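Could you build the full structure based on these sequences and the hints that come with them?
Protein chains in written order, with this note's numbering: chain S, 4 to 344; chain H, 4 to 344; chain E, 4 to 344; chain B, 4 to 344.
Only true hints are included.
In the SDA-like style, the derived pairs of lysine to any residue whose C-alpha atoms are separated by at most 25 Å in a straight line are:
hint, chain 1, residue 1, chain 2, residue 2
1, E, K185, S, A46
2, E, K185, S, G37
3, E, K185, S, R182
4, H, K185, B, A55
5, B, K185, H, G45
6, H, K185, B, V60
Covered, in the sense of this in silico footprint (three residues per stretch, anywhere, with C-beta under 8 Å from a C-beta of chain E), are these stretches of chain B:
hint, segment
7, 167-174
8, 189-197
9, 219-227
10, 234-241
11, 272-282
12, 291-300
Cβ-to-Cβ under 8 Å is the rule here; a few derived chain H residues that face chain S:
hint, residue
13, A199
14, V202
15, G204
16, S227
17, P234
18, P236
19, S244
20, Q294
21, D298
22, T307
For the record, the hints were derived by calculation from the structure and aren't laboratory data. Keep in mind that this is a model prediction, so the values were computed, not measured. Quick reminder that beta carbons are idealized off the backbone N, C-alpha and C, glycines included.
There are 4 protein chains.
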Amino acid sequence: MRIAVAGASGYVGGELLRLALGHPEVEVGALTAGDSAGSLLGAHQPHLTPLADRPIVATTVDALAGHDVVFLALPHGRSAELAARLPDDVLVVDCGADHRLRDAAAWARWYGGDHAGHWPYGLPELPGARDELRGSRRVAVPGCYPTTATLAALPAVAGGIVAPEISVVAFSGTSGAGRAAKAHLLGSEVMGSAAAYGVGGAHRHTPEIVQNLSGLGAGAVRVSFTPVLAPMPRGILAVVSAPLADPAIDAAEARRVYAKAYETEPFVHLLPEGVQPATKSVLGSNAVQIQVEVDADAGRLVATAVIDNLTKGTAGGAFQSVNVAVGLEETLGLPVAGLAP
Amino acid sequence: MRIAVAGASGYVGGELLRLALGHPEVEVGALTAGDSAGSLLGAHQPHLTPLADRPIVATTVDALAGHDVVFLALPHGRSAELAARLPDDVLVVDCGADHRLRDAAAWARWYGGDHAGHWPYGLPELPGARDELRGSRRVAVPGCYPTTATLAALPAVAGGIVAPEISVVAFSGTSGAGRAAKAHLLGSEVMGSAAAYGVGGAHRHTPEIVQNLSGLGAGAVRVSFTPVLAPMPRGILAVVSAPLADPAIDAAEARRVYAKAYETEPFVHLLPEGVQPATKSVLGSNAVQIQVEVDADAGRLVATAVIDNLTKGTAGGAFQSVNVAVGLEETLGLPVAGLAP
Amino acid sequence: MRIAVAGASGYVGGELLRLALGHPEVEVGALTAGDSAGSLLGAHQPHLTPLADRPIVATTVDALAGHDVVFLALPHGRSAELAARLPDDVLVVDCGADHRLRDAAAWARWYGGDHAGHWPYGLPELPGARDELRGSRRVAVPGCYPTTATLAALPAVAGGIVAPEISVVAFSGTSGAGRAAKAHLLGSEVMGSAAAYGVGGAHRHTPEIVQNLSGLGAGAVRVSFTPVLAPMPRGILAVVSAPLADPAIDAAEARRVYAKAYETEPFVHLLPEGVQPATKSVLGSNAVQIQVEVDADAGRLVATAVIDNLTKGTAGGAFQSVNVAVGLEETLGLPVAGLAP
Amino acid sequence: MRIAVAGASGYVGGELLRLALGHPEVEVGALTAGDSAGSLLGAHQPHLTPLADRPIVATTVDALAGHDVVFLALPHGRSAELAARLPDDVLVVDCGADHRLRDAAAWARWYGGDHAGHWPYGLPELPGARDELRGSRRVAVPGCYPTTATLAALPAVAGGIVAPEISVVAFSGTSGAGRAAKAHLLGSEVMGSAAAYGVGGAHRHTPEIVQNLSGLGAGAVRVSFTPVLAPMPRGILAVVSAPLADPAIDAAEARRVYAKAYETEPFVHLLPEGVQPATKSVLGSNAVQIQVEVDADAGRLVATAVIDNLTKGTAGGAFQSVNVAVGLEETLGLPVAGLAP
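Here it is, written out as structure tokens:
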């Protein structure tokens, strides 16, 4: 597969290319960007030594032509317009939000403007998703928070062991906020500090989590989502809790439900009893580590999940979906060991 | 006031001494410790330059005699025994857990062993606490998580605007885990990583939060508490949420309730609308910064609060309570500006 | 003293105000800035709770009028012009570089443009500096690297125990680069990473270090200076080395020279033998911690020094010099204990 | 190749196994350790998901028997004794210091005890090293600091463009100090702080750097080495400087010498002019990034180099040497792209 990456100078673009270098079926083709066009990739992604001398060109339909797969790692709202002009037989993978939401009204409320429509959703672990992805020429890569929260809550919601009132507090590394220079994201500001944002249900990933969890056949759910900016460059830890559907449900039963739900999933690992997942364990990998507990006093199930926001949360999830879409082994070329310590 | 500090070589001991240096009514007397006895303070607290040459002696009743205030910064279970042997007319301030819980059964369940009894609780912002503290010769300093969670939830619970089902997810800097050398607290492990612990209601601070919030006259509450170890040395951010008592409650009303609750509190600051608290803003200070939002879609109130776990969360809260106990200005000698960036 | 701060929304401005809050003789007057004019201080310095509601106005001569002390925390090149229009009887403290270099040719080479002249240099520990500062109405605050490197090297150079070939490698927290949003200073970039910059003698602080060390009466020195951006918000560690003037000089002699040089300095602390200074020990304080060793195999003296770049390195050094200039106790209002851990 | 790893629960052991998972010719055999024997690998290396259920057994000759390659990731002094009892036809790779130094007197001075002798030195970039490694059944993996410092200085020393007085200041992530629980390595201590150690030529890597640089045919060198503990988990940045051999040597000439020295090296990359290496660019990779500058004012050459201390600095360098020893492609299975941001 010859791939093109639009947005090659950003964090998602860099991660797509890092993974491309390790994927045995991928050849790196055009690298495009906006302001960075005209420079070499090495000036923006000094960690990608083998591609240091590759030129970045302007993002145009022509530049992206002639590739088997085109990854769009662009700001929200930019990919829909571009994608509409790409040929139908090219596999287009949108790492932005433009094609994630099924509901036009939800799109209008949360993003505004015209709804570009819904593409097969690139979270293969979601029931039905693999079927939609197989053979598709379009993939909407999920948001990084929705990937984490959905995978943490999915077995509990689908298994009916919690009431449909999901609380998600998720701690994210700063790379989730992208590479644009903003004062509140300076190292001086974020090192040694933690702060929530988008509190009170204001974050745009909320409707995506609702969509995922409400589509599991167990009825509509409500989601309270609070993201927290954490002093680390990568990684998301989601703490997901919900009232138990029945006070008799204990940790052993919750564990059985989770183990069953993920027993055949290649990237999702339910940790041994008593072991909590740490974001460092999945850095740079496509793995998801999960744990589930029951708090009998509070009458709640508490699940925790970690991913690397740029790998499984974006670029890794994208390649996983591409593997499914084109009929390769789903795990091909994707790292499963994290970089620790 | 001449003070003695038992446990002077640990993090809480160090913070007590840092604050003592800035308190106009305090003279530093005996410094005691266990394994560190026989060395100089400078070997353990190199940041306390003015006290570098002060010797550390063994923690004994004799060493602690002759002071107006004795701070106990000892491992849980150690302070009760020692405190029982100190004179009644000395102000004894226990920074450990031994005298926090009112309920002997709760003590037995969470800590085990005999209940040493309950002392006036050193959270002056809690209704009734100042009255108990005034003139007292014993103070039980709250846990750092309970301080944060209680102050975040207090107005909502006391004001009856939420149902009594409180969810707390709190991110803490590593100093909360103390100074004992443990492999999972190595810098190599914690930098760049986040992980929950004590999940499912297993953390010992849970009953303390329950006690605080159930004592507000609004009935018993249930608390789901999930602590997260964050890659920063200091600071706690608590994200507290609960179902709205009435779906008609909006952000403006929640804000009025919080503003009213804290309008005369010298250390608690409700931030301007739309501004979320960051732990860095209160580093080294006794300030608490709080925000409250309402998520109408999810039907929940979401409050966030930050403190420095070692200052307002322990040593600063201790001095604040001492000020109240001995009749000094409550804010005397306590920093209100944080150290940022 | 009523003070005004020009540049109140930046990191140096924030630190000046943090220290002002703790200085018993200081009243905070006008706060001015450029782009931030028209907003409240709390929007920029959320850690300065007591000043949160103070308005920021545009930086003009009128706004700065009527104060006893005017601190200029402005980009290089901006302060000279403004200072020229301030009355002679006001104490003007320039935290920028405009008035540090004595030599107009050096100014032209390193900064370009007209040389605004040289003001009394605000490093009281430098021989002769206190005499120049006393009674002065103008103070040039040193750069943060020059403060660290100069204090580390001063006894060795002045004492003639090293050859005049000084090598300085200094690690700085990111706040030294200021608050302007730049992509390479994003938390995502700097956390977990270290990189040198200005290598090969290109950093503008080089001529200032040369000036300081060449003015000690021991002849001209050459300085090789390499700054490194470290993944921490604050603090500078300088590693300074030079060939021994005589191979017979041992660690004990070097230690005697350093102890003698600083025996009466209130802020400079030579650490006990075998103890190396850590930046954390001086965070938020005006203290300097120093150690000196001799490497007999390599024939070099190696001195290490730490400061907080924003405190002793800028704002604290500024207040120390103000205290000297106006005849107050030199240490008045300046923190000597660091914030650790 | 079937490999065994002695010391599988430590940081070096973990990195060896992470790389083994990505090496197409490697099969992971026995995992051994000391105190961790009897547990599963997942309890110690939660990032190595595919090996989570592999048991760790006690480190014995029997446990290590039957493998093609045995990696020893043991504390200094432990590997020599064990290695002496392993068969001659097994490739034994010592990641510790026991077989690095040629000179028995240097061994006695720096490490004490009997000298176990010298093995082929696993730094293929060192002139002559590949010849020694090819076909060898024993490999001494270099120290992480010596790898960085040697590669930064090598072209300048071998090319005769500097005087033989090398100054090295190197900034290292904390994983270099290993996984043993020590209070000064706690996250609370190291986050936000930098401190030198082993100052004055006291670090044991000094004689190894001297050995490497004195063996280049340009005469004996003296080395002043100062390591600094940096607030990051991985990575080393070395700043190496030395007096120019001739004041006429300029940056262009230095650059030519460096470019020539490394033109055929697969892992060493001289960066474009004006670009300084950052440790993050090589995280998890076997790459070395280097820059060289000349400071004409100071009359010194200044070279900077970054590696990942656990990858190229230990485990990656070990596999690179194994590849050479057994006749595989030198780069086989070794990552060349770093993990950033």
